[in-house]
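Trainee: Sequences are here, hints too, so could you generate the full structure?
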Amino acid sequence: MTKIIKKELVEYPYLSEPLKVFTYKNGHKVVLARKESPMINVSSWVKTGSINENAQNNGVSHFVEHLLFKGTTKYPAGVFDRTMEEKGGIINAATWKDYTFYYINIPKEHFPLAFHMHADMMVDAQFPKEEIGPEFNPNGEAPSEKRERYVVIEEIRMGEDNNWRKVYKNLNKSMYENHPYKREVIGTKEIIANISQEEIKRYYKTFYSPKNITTIVVGEYDENEVLKLVEENFVFSTDEKIQKCKTDKKKPEIKIKKPKTVFDYSEVNTGYIMIGALCDSAKNLKETIALDLLSTILGDGKSSRLYKNLVESQDEPYYYQIESCHYQFKDGDNFFIEANFNADKKDIVENELKEYLKGLEKIEEEELKKAKKRAKVNFAQDSEMVSDIADSIGYWVTVCEDLNLPKKYLKTLNDIDCKYLQKVAKKYLNPKNVSVSILLPKGENNAAL
Amino acid sequence: MQHYNKNGINILLHKSPSTPRYSVSFFFKVSKKEKYNGVNSILARLLLQGTKKYSALELANEFENECIDISVKAKQDYIKISLIFLNEDFKHAMELVKDLIINSTFDDFEKEVFKIKGEIVSDLDNPKMKLTDTFVRNIFKEHPYSSCHTKILEDIDNIAKEDIIFAHKQMLEAEKSIVVVGDYNNEQDLIDFFANEFPFMESKISENEIQDVFKNEIQQDETIWISKNDASQAQIIQGWLIDSFNSPLCAKYAVMNNILGSSGLSSRLFVNLRDKQGLAYTVRSQYDTMLHSAIFNMYIGTAPNNIQKSLDGFKDELQKLADNLVTDDELKGAKENISGRLKYFTQNNSQIGAVNGYNYMMGLGLQYNELFLDDVNNVTAQDVSDMAKRLLSMPKLVTILAPDEYKF
Numbered sequence: 161m162t163k164i165i166k167k168e169l170v171e172y173p174y175l176s177e178p179l180k181v182f183t184y185k186n187g188h189k190v191v192l193a194r195k196e197s198p199m200i201n202v203s204s205w206v207k208t209g210s211i212n213e214n215a216q217n218n219g220v221s222h223f224v225e226h227l228l229f230k231g232t233t234k235y236p237a238g239v240f241d242r243t244m245e246e247k248g249g250i251i252n253a254a255t256w257k258d259y260t261f262y263y264i265n266i267p268k269e270h271f272p273l274a275f276h277m278h279a280d281m282m283v284d285a286q287f288p289k290e291e292i293g294p295e296f297n298p299n300g301e302a303p304s305e306k307r308e309r310y311v312v313i314e315e316i317r318m319g320e321d322n323n324w325r326k327v328y329k330n331l332n333k334s335m336y337e338n339h340p341y342k343r344e345v346i347g348t349k350e351i352i353a354n355i356s357q358e359e360i361k362r363y364y365k366t367f368y369s370p371k372n373i374t375t376i377v378v379g380e381y382d383e384n385e386v387l388k389l390v391e392e393n394f395v396f397s398t399d400e401k402i403q404k405c406k407t408d409k410k411k412p413e414i415k416i417k418k419p420k421t422v423f424d425y426s427e428v429n430t431g432y433i434m435i436g437a438l439c440d441s442a443k444n445l446k447e448t449i450a451l452d453l454l455s456t457i458l459g460d461g462k463s464s465r466l467y468k469n470l471v472e473s474q475d476e477p478y479y480y481q482i483e484s485c486h487y488q489f490k491d492g493d494n495f496f497i498e499a500n501f502n503a504d505k506k507d508i509v510e511n512e513l514k515e516y517l518k519g520l521e522k523i524e525e526e527e528l529k530k531a532k533k534r535a536k537v538n539f540a541q542d543s544e545m546v547s548d549i550a551d552s553i554g555y556w557v558t559v560c561e562d563l564n565l566p567k568k569y570l571k572t573l574n575d576i577d578c579k580y581l582q583k584v585a586k587k588y589l590n591p592k593n594v595s596v597s598i599l600l601p602k603g604e605n606n607a608a609l
Numbered sequence: 012m013q014h015y016n017k018n019g020i021n022i023l024l025h026k027s028p029s030t031p032r033y034s035v036s037f038f039f040k041v042s043k044k045e046k047y048n049g050v051n052s053i054l055a056r057l058l059l060q061g062t063k064k065y066s067a068l069e070l071a072n073e074f075e076n077e078c079i080d081i082s083v084k085a086k087q088d089y090i091k092i093s094l095i096f097l098n099e100d101f102k103h104a105m106e107l108v109k110d111l112i113i114n115s116t117f118d119d120f121e122k123e124v125f126k127i128k129g130e131i132v133s134d135l136d137n138p139k140m141k142l143t144d145t146f147v148r149n150i151f152k153e154h155p156y157s158s159c160h161t162k163i164l165e166d167i168d169n170i171a172k173e174d175i176i177f178a179h180k181q182m183l184e185a186e187k188s189i190v191v192v193g194d195y196n197n198e199q200d201l202i203d204f205f206a207n208e209f210p211f212m213e214s215k216i217s218e219n220e221i222q223d224v225f226k227n228e229i230q231q232d233e234t235i236w237i238s239k240n241d242a243s244q245a246q247i248i249q250g251w252l253i254d255s256f257n258s259p260l261c262a263k264y265a266v267m268n269n270i271l272g273s274s275g276l277s278s279r280l281f282v283n284l285r286d287k288q289g290l291a292y293t294v295r296s297q298y299d300t301m302l303h304s305a306i307f308n309m310y311i312g313t314a315p316n317n318i319q320k321s322l323d324g325f326k327d328e329l330q331k332l333a334d335n336l337v338t339d340d341e342l343k344g345a346k347e348n349i350s351g352r353l354k355y356f357t358q359n360n361s362q363i364g365a366v367n368g369y370n371y372m373m374g375l376g377l378q379y380n381e382l383f384l385d386d387v388n389n390v391t392a393q394d395v396s397d398m399a400k401r402l403l404s405m406p407k408l409v410t411i412l413a414p415d416e417y418k419f
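Line order of the protein sequences matches chains X and U.
In terms of the working numbering, the first sequence opens at residue 161 and continues consecutively.
In terms of the working numbering, the second sequence opens at residue 12 and continues consecutively.
Keep in mind the hints are simulated off the structure, nothing from the lab.
Ideal placement from N, C-alpha and C gives every residue a C-beta, glycine not left out.
Don't take each hint at face value.
[Claimed, not checked] Over the 10 Å line for every Cβ pair with chain U, so calculated as not near, a few chain X residues:
#1 232
#2 285
#3 322
#4 329
#5 333
#6 345
#7 443
#8 573
#9 587
[Claimed, not checked] Each computed EDC-like pair below joins lysine to aspartate or glutamate, with the alpha-carbon atoms no more than 20 Å apart:
#10 U:126 with X:515
#11 U:63 with X:472
#12 U:122 with X:476
#13 X:583 with X:476
#14 X:420 with X:507
#15 U:354 with X:269
#16 X:462 with U:123
#17 U:139 with X:476
[Stated by the list, open to error] Derived contacts from chain U toward chain X, CB cut-off under 8 Å, selection only:
#18 19
#19 63
#20 71
#21 77
#22 132
#23 243
#24 277
#25 282
#26 289
#27 344
#28 347
#29 348
#30 359
#31 392
Mentor: In structure tokens:
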């Protein structure tokens, strides 16, 4: 049994009472958020993802995520899924660069059982060989026994047929020099086909430690009941003997060192382009909010600069889809423009879109006002459902590592003016410092190069 | 959710205390055949492209400056305008939506047609979209429900602005309803507001031209192959036209569907084709209901050399359901899963509005969810087996997208 060494109350906008944050002696954190709802959400956020991988084990974080559903000492593979879904639960998990999280949304009357089984899965995953499936050569004969290893390879294959994913993969790789972010979260067929059970267990034991995990409960909970369930069920086993996984150096890269344009070709009828820039960490709240606002102004909605000028004001627009977006990461954010266009225009789109990045060095008051309202509404929207609240808390705890940021969000947003936005745009979104990825129909090679 | 009728206007209200955003939807039932495929889709797009008072851009600014999220969707059985906005913006949002419903000019017709053509070509770059498009087109054959991207592309140059204006007139003459979910103060004020400000929302019953979908039912097993030579995965949809929500079989199909492939990670397709055989990342079954028909289908994305194995897997799982009665536990679990999912998908204001508005518009009534769950609770193991047998006895349509070298 591990003791609570700290209990904090943390103000959280739009909730009727502060969050209750319990820190246990072993480092495990538990966050409780009250929200009236017939559903309750239980999730655990693990501070690991492709950020902790190297060239040899790329994809292991995501593979482990799949395998956590494959049985514990108490419950063999399939029992957790069946039991939760038979109670009306919706269960799943996701892996990204900085985190992996597991969740259950379930009618609140089933909370104790859901919590028990969720905790069991987090602390006692067994990774049975028969569930992982045999190692094999992905370029040779497929194994007769295709288990979870093959499921992940099918997921990789599915991504290969996704045009946007192809463009993103090429761009992401071109933006970084050394940081593990340069790799795809899902890994490669070769690594997944060959990774051993031992390596998988080593990764789990290294990164699924109590200090790396935050468990979040959102809904109508009974505090004493939750704490009792934590004590009874989050019993972590320690294995000091296990050799810990080594990770690559994680020196943040917040500017692309060698900006480039990369091309790819496929059986498509239209062109796809993504332009990407690196920025500072999501922990830098003011800059992160500023980048959100810049993204709204540039490419969110029909009145945004990109849509208004390149689609709405054109008699025969050649962009079919165009937007900008901002991804938040612990070791540095990404800012993107993405567009799908008539491939005949392949020679002009890159420079045309870069001009719009340059244009962000001038922001109008009206644009800022609109973007701020959008940010406020999005922030409020994140508190509508138990699952939204849990996801937001997970983000603040795992990526930003600071649960006090949400209460500073609205004031920080209000403090931002046009001058500050222009400064941030100049700092990060200079067209000379971006990389570009373009996917074109096969046969367009010569003209594009 | 309560139903009120004032001045012939159907108003559905649901109070959600302490919520910061309203959800308001306007439903227009589609009961006339489109003159050409795509007329209603273009109409839906043009409703956001300018009114007598605002140009398209000004309209976008009016909505987006206040973060009033609006969408207009043309579905098989209805056109729906949905808005979500902060409580303080109620009046402004209603002024804007009233303007676009009655004062749209459709002046951007040619430009919007041009945009839609490009977007369709772009959408069809997505293999799954191409597969679904082919499936829908072929399962509904000449029925209006077969309207899909490729059919719209074939018809779009025949559509004139006058066709859109006519479709708009039909929309205003249709059965309609307004659905409001939010933290309002006074119910009666809200009813009076809509009765006075939205007289054009008076509901009118007109003869439904869209019927007889089963006339076009596929007569024998059919397989359609779509070539995609650089595809890493084969994509397969196998489906049938079956009874919809107005049939006593609906709850039985729903339970069978849940057990077979829609409960999540524990469905039979998921466990047996994905977990045990590693055939796919995505495999599922789906029961899509519409007013005049429904589609039951199974989908898998798999390695191209596993096409036959996947089709055999579909057949085996259905056969097992037909031949062996499901256990009491599995049956009970499926019923609870359906009930839990319904709770999950009716949490926020827009979800509550969407589900109840749809039920009302389809003539199912506001108690439909409860009645449906009662029906679900009455489903027996024998019913599940019978539904699987029905599917096995009916001709099916299989659509496969894959490289040609795997064609059989």
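Trainee: Now tell me, hint by hint, if it's right for this structure.
Mentor: Hint check results:
Residue 232 of chain X, annotated as away from the interface, keeps every beta carbon of chain U farther than 10 Å; the closest lies near 15 Å. Listed as a non-interface residue, residue 285 of chain X keeps its Cβ farther than 10 Å from every Cβ of chain U; the least gap is roughly 15 Å. With 10 Å as the threshold on Cβ separation, the claim that residue 322 of chain X sits away from chain U is violated: the shortest Cβ distance comes to roughly 8 Å. The claim that residue 329 of chain X is not at the interface with chain U holds, since no C-beta of that chain comes within 10 Å of its own (minimum 13 Å).
Even its closest Cβ contact with chain U, about 19 Å, leaves residue 333 of chain X beyond 10 Å, as expected for a residue assigned away from the interface. Residue 345 of chain X, annotated as away from the interface, keeps every beta carbon of chain U farther than 10 Å; the closest lies near 14 Å. No beta-carbon of chain U comes within 10 Å of the beta-carbon of residue 443 of chain X; the shortest separation is about 27 Å. The claim that residue 573 of chain X is not at the interface with chain U holds, since no C-beta of that chain comes within 10 Å of its own (minimum 14 Å).
Distance to chain U confirms residue 587 of chain X as a non-interface residue, since its nearest Cβ pair spans about 27 Å, more than 10 Å. As the CA atoms of residue 126 of chain U and residue 515 of chain X are separated by approximately 23 Å, the hinted pair breaks the 20 Å bound. With a CA separation close to 18 Å, the supplied pair residue 63 of chain U and residue 472 of chain X stays within the 20 Å bound. Our distance criterion of 20 Å between C-alpha atoms is met by residue 122 of chain U and residue 476 of chain X, whose separation comes to about 7 Å.
Our distance criterion of 20 Å between C-alpha atoms is broken by residue 583 of chain X and residue 476 of chain X, whose separation comes to about 35 Å. Proximity of residue 420 of chain X to residue 507 of chain X is assessed by CA-CA distance (about 16 Å); at most 20 Å being required, the pair is judged to hold. A distance of roughly 13 Å separates the Cα atoms of residue 354 of chain U and residue 269 of chain X; the hinted pair therefore holds under the 20 Å criterion. A threshold of 20 Å between alpha carbons decides the hint, and for residue 462 of chain X with residue 123 of chain U the separation of about 13 Å falls inside it, so the pair holds.
For a cut-off of 20 Å, the pair hint linking residue 139 of chain U to residue 476 of chain X is broken: about 28 Å separates their Cα positions. With its C-beta approaching chain X no nearer than about 34 Å, residue 19 of chain U sits outside the 8 Å limit, and its interface hint is violated. Because the smallest distance between the Cβ of residue 63 of chain U and any Cβ of chain X comes to about 19 Å, over 8 Å, the interface hint for this residue is violated. Checking residue 71 of chain U against chain X by beta carbon gives a least distance of about 4 Å; that is within 8 Å, so the hint holds.
Interface restraint check: residue 77 of chain U against chain X, minimum CB-CB distance 7 Å, threshold 8 Å, status holds. Annotation: residue 132 of chain U was flagged as interfacial toward chain X, and the flag holds, the nearest CB pair being 5 Å apart, inside 8 Å. Satisfaction of the interface hint for residue 243 of chain U is found here, the shortest Cβ-Cβ separation to chain X being roughly 4 Å, below the 8 Å cut-off. Annotation: residue 277 of chain U was flagged as interfacial toward chain X, and the flag holds, the nearest CB pair being 4 Å apart, inside 8 Å.
At a threshold of 8 Å, the smallest CB-CB gap from residue 282 of chain U to chain X is about 6 Å, leaving the interface hint in force. Checking residue 289 of chain U against chain X by beta carbon gives a least distance of about 3 Å; that is within 8 Å, so the hint holds. Among the interface hints, the one on residue 344 of chain U holds; its C-beta lies about 3 Å from the nearest C-beta in chain X, closer than the 8 Å criterion. At about 5 Å, the closest approach between the beta carbon of residue 347 of chain U and any beta carbon in chain X falls short of 8 Å, and the interface hint on this residue holds.
Using the Cβ-Cβ criterion of 8 Å, the hint placing residue 348 of chain U at the interface with chain X is satisfied: the shortest such distance is roughly 5 Å. Using the Cβ-Cβ criterion of 8 Å, the hint placing residue 359 of chain U at the interface with chain X is satisfied: the shortest such distance is roughly 5 Å. Checking residue 392 of chain U against chain X by beta carbon gives a least distance of about 15 Å; that is not within 8 Å, so the hint is violated.
Of the numbered hints stated above, those contradicted by the structure are hints 3, 10, 13, 17, 18, 19, 31, listed in ascending order.
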